[in-house]
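*Asks:* In terms of our numbering, the sequence shown is residues 394 to 609.
What the hints contain is simulated information worked out from the structure, not anything from laboratory work. Since this is a predicted model, take the numbers as computed values, not measurements. In this text, a Cβ means the ideal position worked out from N, Cα and C, and glycines have one as well. Errors might be hidden in some of the hints.
[Said to hold, decoys possible] FRET-style restraints, in silico, Cβ to Cβ:
1. 491 to 513: 20 to 26 Å
2. 590 to 473: 35 to 41 Å
3. 416 to 516: 30 to 36 Å
[Stated by the list, open to error] Think about it this way: if two alpha-carbon atoms lie no more than 27 Å apart in a straight line, the pair counts; the simulated DSS-like pairs of lysine-lysine are:
4. 529 to 491
5. 574 to 397
6. 532 to 519
7. 494 to 396
8. 438 to 397
9. 529 to 560
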Amino acid sequence: MDKKVVIIGATGLVGNALLQEVIQAKEVSEIRVFVRKAIDGLPEKVTQIVTDFSDFSLLKEQVIGDVIYCCVGTTRKKTPDLTDYRNIDFGINIGMAKLAKENGIPTVHLISAIGASTSSRIFYSKIKGEIEEAMKELKFDNCYIYQPSILIGSRTESRPMEYLSQKLCPFLDLFMLGVLKDYHSISATSIAQFMHRNLGQEKAGVHVMRFTQMIK
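Produce the entire structure from the sequences given, and follow the hints as far as they go.
*Replies:* Shown next, in the form of structure tokens:
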């Protein structure tokens, strides 16, 4: 199996964990990462395309492979303006996915979040829901949507509230039982490993993966 993959959001928590996972994968021969800033120390099989994502038409010829992983995300602290927030979270994920679809890439993997819903009154959950619906409308042969709760892992940037949440998770997770189980925290590495396991074993249709599916 000789796979070529595309990753957007490779500097984020899940995206970087995924990048490290597929770098080690023998079945992956080529990795294309689209980033705002170059990542140091990557092996030869990784091609970096540095871009500000302002003009997707300039990127189309470079979005080629067997699968695209959409892992782009931001925060209100980092991007307080809601229009800018939407342009990043929705605009980049869907803009790049459209190029992938036009170029014949059959499979897309999207990092979303638990509680994503177009009808949510919470901006974060609402935008995640809108991204999911837009991704479904592109009608990839295989569409995988991941809905984690609190992510565990180390970031290069400071996120005090997320850091506090991670510290509380061992206690809070004790109560995540029954209908609440999908709100259990999960490490970025666990998600990345699960995403990698799906490579080459894709099933047609839309598949929504939450904690209970990702830990199997």
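*Asks:* Given the proposed pairing of residue 529 with residue 560, does the C-alpha separation stay at or below 27 Å?
*Replies:* 35 Å, violated
*Asks:* How does the Cβ-Cβ distance of residue 491 and residue 513 compare with 20 to 26 Å: does it lie in that range?
*Replies:* 24 Å, holds
*Asks:* Tell me if the straight-line CA distance from residue 532 to residue 519 falls inside 27 Å.
*Replies:* 21 Å, holds
*Asks:* Is it true that the CA of residue 574 sits at most 27 Å from the CA of residue 397?
*Replies:* 34 Å, violated
*Asks:* Given the range 30 to 36 Å, decide if the beta-carbon distance of residue 416 to residue 516 lies inside it.
*Replies:* With a Cβ separation near 34 Å, residue 416 and residue 516 satisfy 30 to 36 Å, so the hint holds.
*Asks:* So the hint says 35 to 41 Å: do the beta-carbon atoms of residue 590 and residue 473 match that?
*Replies:* Holds, at about 37 Å.
*Asks:* Given the hinted pair residue 494 and residue 396, is their Cα-Cα distance within 27 Å?
*Replies:* Holds. Residue 494 to residue 396 sits at ~17 Å (cutoff 27 Å).
*Asks:* Please work out if residue 529 and residue 491 have their alpha carbons no farther apart than 27 Å.
*Replies:* Holds, at about 11 Å.
*Asks:* Holds or violated: residue 438 and residue 397, Cα atoms, limit 27 Å.
*Replies:* It holds: about 10 Å lies between the C-alpha atoms, which stays within 27 Å.
Going through the hint list in order, the structure does not satisfy hints 5, 9.
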